[in-house]
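J.: Here's the letter readout for the chains.
There are 2 protein chains.
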Amino acid sequence: MHPPISDDALDAIFRDARTFRRWQDKPVSPALLMAIYDLMRLGPTSGNCSPARIVFVVSHAAKERLKPHLNQGNVEKTMSAPATAIIGFDLDFAERLPFLFPQQPNAKDAYKDPVLAERVAFRNGSLQGGYFIIAARALGLDCGPMSGFDNAGVDREFFADSRIRSNFLCNIGYGDPVDMGPRNPRLSFEEACRAL
Amino acid sequence: MHPPISDDALDAIFRDARTFRRWQDKPVSPALLMAIYDLMRLGPTSGNCSPARIVFVVSHAAKERLKPHLNQGNVEKTMSAPATAIIGFDLDFAERLPFLFPQQPNAKDAYKDPVLAERVAFRNGSLQGGYFIIAARALGLDCGPMSGFDNAGVDREFFADSRIRSNFLCNIGYGDPVDMGPRNPRLSFEEACRAL
Chain A
81 MHPPISDDAL DAIFRDARTF RRWQDKPVSP ALLMAIYDLM RLGPTSGNCS PARIVFVVSH
141 AAKERLKPHL NQGNVEKTMS APATAIIGFD LDFAERLPFL FPQQPNAKDA YKDPVLAERV
201 AFRNGSLQGG YFIIAARALG LDCGPMSGFD NAGVDREFFA DSRIRSNFLC NIGYGDPVDM
261 GPRNPRLSFE EACRAL
Chain B
81 MHPPISDDAL DAIFRDARTF RRWQDKPVSP ALLMAIYDLM RLGPTSGNCS PARIVFVVSH
141 AAKERLKPHL NQGNVEKTMS APATAIIGFD LDFAERLPFL FPQQPNAKDA YKDPVLAERV
201 AFRNGSLQGG YFIIAARALG LDCGPMSGFD NAGVDREFFA DSRIRSNFLC NIGYGDPVDM
261 GPRNPRLSFE EACRAL
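Residue numbers (the working numbering), protein chains in the order written: chain A, 81 to 276; chain B, 81 to 276.
No wet-lab data here; the hints were simulated from the structure. One should not assume that every hint holds.
No distinction is drawn between identical chains; accordingly, a pair holds when it is met within one copy or between any pair of copies.
[To be verified] Straight-line alpha carbon distances no greater than 30 Å define the calculated DSS-like cross-link-like pairs of lysine-lysine that follow:
(1) K106 / K188
(2) K192 / K147
(3) K106 / K192
(4) K143 / K192
(5) K106 / K143
(6) K188 / K147
(7) K157 / K188
(8) K192 / K157
(9) K106 / K147
Pulled out of the complex, with its shape left as it was, chain A reads as follows (with noise of 0.2 Å):
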């Protein structure tokens, strides 16, 4: 349907794009962290269940009340960082099925069993938190996404009286290149893929 982007929109997304520890002092307007997720969640989850939910932790109050949670080397760059995303994702994601796929109204039936409810929402979860970070790069943002926090804390601090679990955090900003080293290693294509 459409033509290869231009090899600079491929830098920009993926060849030239890093993750940030360091960040210039510079903030993210609400109209850019309502732009990525208007970008994000068009990609594509299973049954469009579209199960991600998003806190932006912005003001000065609401970092301090993600600060506790964080592991120690993840401190320092989100306390500066313009905003942190916390990606999450819904265990009830199925009573949306009606509005977001009204081809088939009874698609929330199918994830009754909790187990799979919490496998389909967290592999589209996750997917979608893959789709955050290129559409953050796309607009000319950088991230710093990471693991390293208390999930059940941030899920008591952010997600209480709702099913929305923590996935990972993303820090969001302009970033600031400064002691950043070379890209860490890749596997090659021989490494990880197979043709067959």
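On the provided structure of chain A, position chain B as indicated by the hints.
T.: Relative to chain A, chain B alone:
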């Protein structure tokens, strides 16, 4: 670091991109399959753990091995697709960490707990699945991702003698939009996000 990518590029990877069920009779070259991986592997994973492993099912013989494990509704579209990627994740991903994350030679010791290792492989392998879909679209291809198949059967057929587990499937090719309806709705920012 980079300005926002062009509207054309945003259209290609998000706004105009759709999940396809029908395919033009036009092959996908081996070089293009390698190009997808060459981009997607650059996306960030936790501690660069890079657990995704991919089998590109291209030949008729390989498609026949996949066919009996597909849900009925996924057979025709998969058999007619130029290629089908089995996106998997390696439960033994930690074995590669001395290469992937040389800054911490003992990083792999953190994943001795098999429950944690599975969680990390599934989360990051799914993130990489998101990068895969965006990379394919960025290269001018269309995708048809699917969860409807027998994971255990695919694992026996394609990942025997390894600890790689299938995650989801993704048909790849040049889509034919015949019979395609409008895109299903998505949750609004207010429904899925909060800014604090």
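J.: Hints first: check each against the structure and report whether it holds.
T.: Against the structure, the hints come out as follows:
When the C-alpha separation of K106 and K188 is checked against a cutoff of 30 Å, the pair qualifies neither within a copy, at 43 Å, nor between copies, at 36 Å. In this assembly of identical chains, K192 and K147 lie within 30 Å of each other by CA distance solely across copies; the values are 28 Å between and 35 Å within a copy. Taking CA atoms no more than 30 Å apart as the test, K106 paired with K192 passes in neither setting, with 45 Å inside one copy and 41 Å between copies. Within a single copy, K143 and K192 get their C-alpha atoms no closer than 36 Å, and across copies no closer than 32 Å, so neither meets the 30 Å cut-off.
Taking identical chains as interchangeable, the C-alpha atoms of K106 and K143 lie at most 30 Å apart only when both belong to the same chain, with a minimum of 17 Å there against 51 Å between chains. For the identical chains of this complex, K188 and K147 are inter-copy neighbours only, at 27 Å across copies versus 36 Å inside a copy, given an alpha-carbon limit of 30 Å. For the homomeric pair K157 and K188, the shortest alpha-carbon distance between copies (24 Å) is at most 30 Å, but the shortest distance inside one copy (40 Å) is not. In this homomeric assembly, K192 and K157 come within 30 Å of each other (Cα to Cα) only across copies, at 28 Å, whereas the closest approach inside a single copy is 40 Å.
In this homomeric assembly, K106 and K147 come within 30 Å of each other (Cα to Cα) only inside a single copy, at 21 Å, whereas the closest approach across copies is 52 Å.
In the structure shown, a violation is registered for the earlier hints numbered 1, 3 and 4, in ascending order.
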